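Between the sequences and the hints, there should be enough to build the whole structure, so can you do that?
Here are the chains, one letter per residue:
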Amino acid sequence: MDLPRLETILSRYEGEPWDLIPVLQDIQDSYSYLPKDELQVVSERLNVPLTQIYSVATFFKMFSLIPKGKHQIKVCTGTTCHLKGSHRVAESLSHRLGVEVGYTTKDMQFSLDTVGCLGSCAQAPVMMVDDKYYGRTTVDKVPKILKLYK
Amino acid sequence: MVWKISDETAYDTLGEEVRLTINGVPIRAPQDQSLLVTARQNGFEIPTLCYHRDLPSEGHCRLCVVEIGEYPRTQIVNSCTYPTQAGLVVQTHSETVLQARRLVLELLLARTPKAKLIQEMAAAHGVYESRFKTDDPEELCILCGLCVRTCREVVGVSAISMKGRTPDKQVATPFMEKSPACIGCGSCAFVCPTNVIPYTEKDGVRTIWGRDFELQACNVCGNYIAPKYQLEHWAKLTGDPVETFFVCRDCR
Chain W
1 MDLPRLETIL
11 SRYEGEPWDL
21 IPVLQDIQDS
31 YSYLPKDELQ
41 VVSERLNVPL
51 TQIYSVATFF
61 KMFSLIPKGK
71 HQIKVCTGTT
81 CHLKGSHRVA
91 ESLSHRLGVE
101 VGYTTKDMQF
111 SLDTVGCLGS
121 CAQAPVMMVD
131 DKYYGRTTVD
141 KVPKILKLYK
Chain F
1 MVWKISDETA
11 YDTLGEEVRL
21 TINGVPIRAP
31 QDQSLLVTAR
41 QNGFEIPTLC
51 YHRDLPSEGH
61 CRLCVVEIGE
71 YPRTQIVNSC
81 TYPTQAGLVV
91 QTHSETVLQA
101 RRLVLELLLA
111 RTPKAKLIQE
121 MAAAHGVYES
131 RFKTDDPEEL
141 CILCGLCVRT
151 CREVVGVSAI
161 SMKGRTPDKQ
171 VATPFMEKSP
181 ACIGCGSCAF
191 VCPTNVIPYT
201 EKDGVRTIWG
211 RDFELQACNV
221 CGNYIAPKYQ
231 LEHWAKLTGD
241 PVETFFVCRD
251 CR
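Residue numbers (my numbering), protein chains in the order written: chain W, 1 to 150; chain F, 1 to 252.
One or more hints might be untrue.
Stated by the list, open to error - Quick list of in silico lysine to aspartate or glutamate cross-link-like pairs, EDC-like style, CA-CA up to 16 Å: (1) K61/W x D168/F; (2) K70/W x D131/W; (3) K36/W x E177/F.
What the hints assert, rightly or not - Pair ranges (Cβ atoms, derived): (4) D212/F x V56/W: 27 to 35 Å; (5) Q109/W x T238/F: 54 to 62 Å; (6) I21/W x I76/F: 27 to 35 Å; (7) A124/F x L3/W: 54 to 62 Å.
Just so you know, these hints were derived from the structure itself, not from any lab.
Quick caveat: nothing in here was measured; it's all calculated off a predicted structure.
Glycine is no exception: its CB is placed at the ideal position from the N, C-alpha and C atoms.
Now the structure itself:
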């Protein structure tokens, strides 16, 4: 376990139970997932039962208990994007990366997920790689976008 | 508490008795007590699944819904979490409420078609079949959260919790592994309204949540009392040596 790294995150907060979600978010950003041993420490330090941490960690889609890839791809499946064919984009990404939606490639480079709505319906269908939006994506554009990150 | 209209001080403190009407009957009840308790104390029966008087209400089952306000501005709220307030007009068995309850029961019936309790409750409300899709015909858990709350509030160990979100929500131990916090007391299985928590006792070993617990035999009569972990938990709570609990209640 990388204790100094965890301490850095925990030192930013006062260690109250309501700091749980921000702490988990920071751990997720830093580790790209929520490691079990770290959660155990968080439980002791914030005085929150591990059961509750597990509940929170499994409830929100932004948290993952398994390691995520270096780049996180999110394909919007909101109503507009769905109508504009986002499932075809997701399918194409899935074929090109060789992973099912919700999984991470073997080389730990990409995680592919579908999300509810990215809030950019005017540019449907939308996908997101890390923090960058790609609007009006088509199956043709998928390899070009992926190339930027390979 | 006695309601004194002539006394000015009667309005001073919180939790003071207030007046409201339930089903047209004027009632006095302490402020901020849940509507469910107020109604039951006054003899209005409201069906519930996830309510327990020793546990905080979380409003999971939605069976306890009542209608508040006056027509046409009425509102459906769950009575177990809604506070008693002065001047409330409450309907516990209006047509809207009964319809809401029937819908809840229909949904529950679709989730757990084989649960005896749900079948009986639904039948009592005139619901015999559900128009909704059943995901798992063998499912028995109604996700009322009684086990989770009992473990957290009464037992005080918090070994189980809800995992994930609907439709995959379930009661689980952290990381679906054997929970080190569990003391094997079986309170969760005891409180479960649909008896879905697997729990076996054989040859002095109790198995619950995938863990085996060695049971302590009574020093006098030799009957099994409780898991050793639970006795240690008691010892920690009371500050007495753990050996104090090695004699069962009947032999004391």
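Hints versus structure:
Distance check on the hinted pair: K61/W and D168/F sit about 13 Å apart at the alpha-carbon level, within 16 Å; holds. At roughly 12 Å between alpha-carbon atoms, K70/W and D131/W fall within 16 Å of each other, so this suggested pair holds. Of the supplied pair hints, the one linking K36/W and E177/F holds, its CA atoms being roughly 11 Å apart against a limit of 16 Å. About 29 Å separates the C-beta atoms of D212/F and V56/W, a value consistent with the hinted range of 27 to 35 Å.
Evaluation of the 54 to 62 Å hint for Q109/W and T238/F yields a pass: the beta carbon distance comes to about 56 Å. The hinted window of 27 to 35 Å between I21/W and I76/F holds, with their beta carbons roughly 30 Å apart. For the pair A124/F and L3/W, the beta carbons lie near 57 Å from each other, so the given range of 54 to 62 Å is met.
Checked against the numbered hints listed earlier, the structure breaks none of them; every hint is satisfied.
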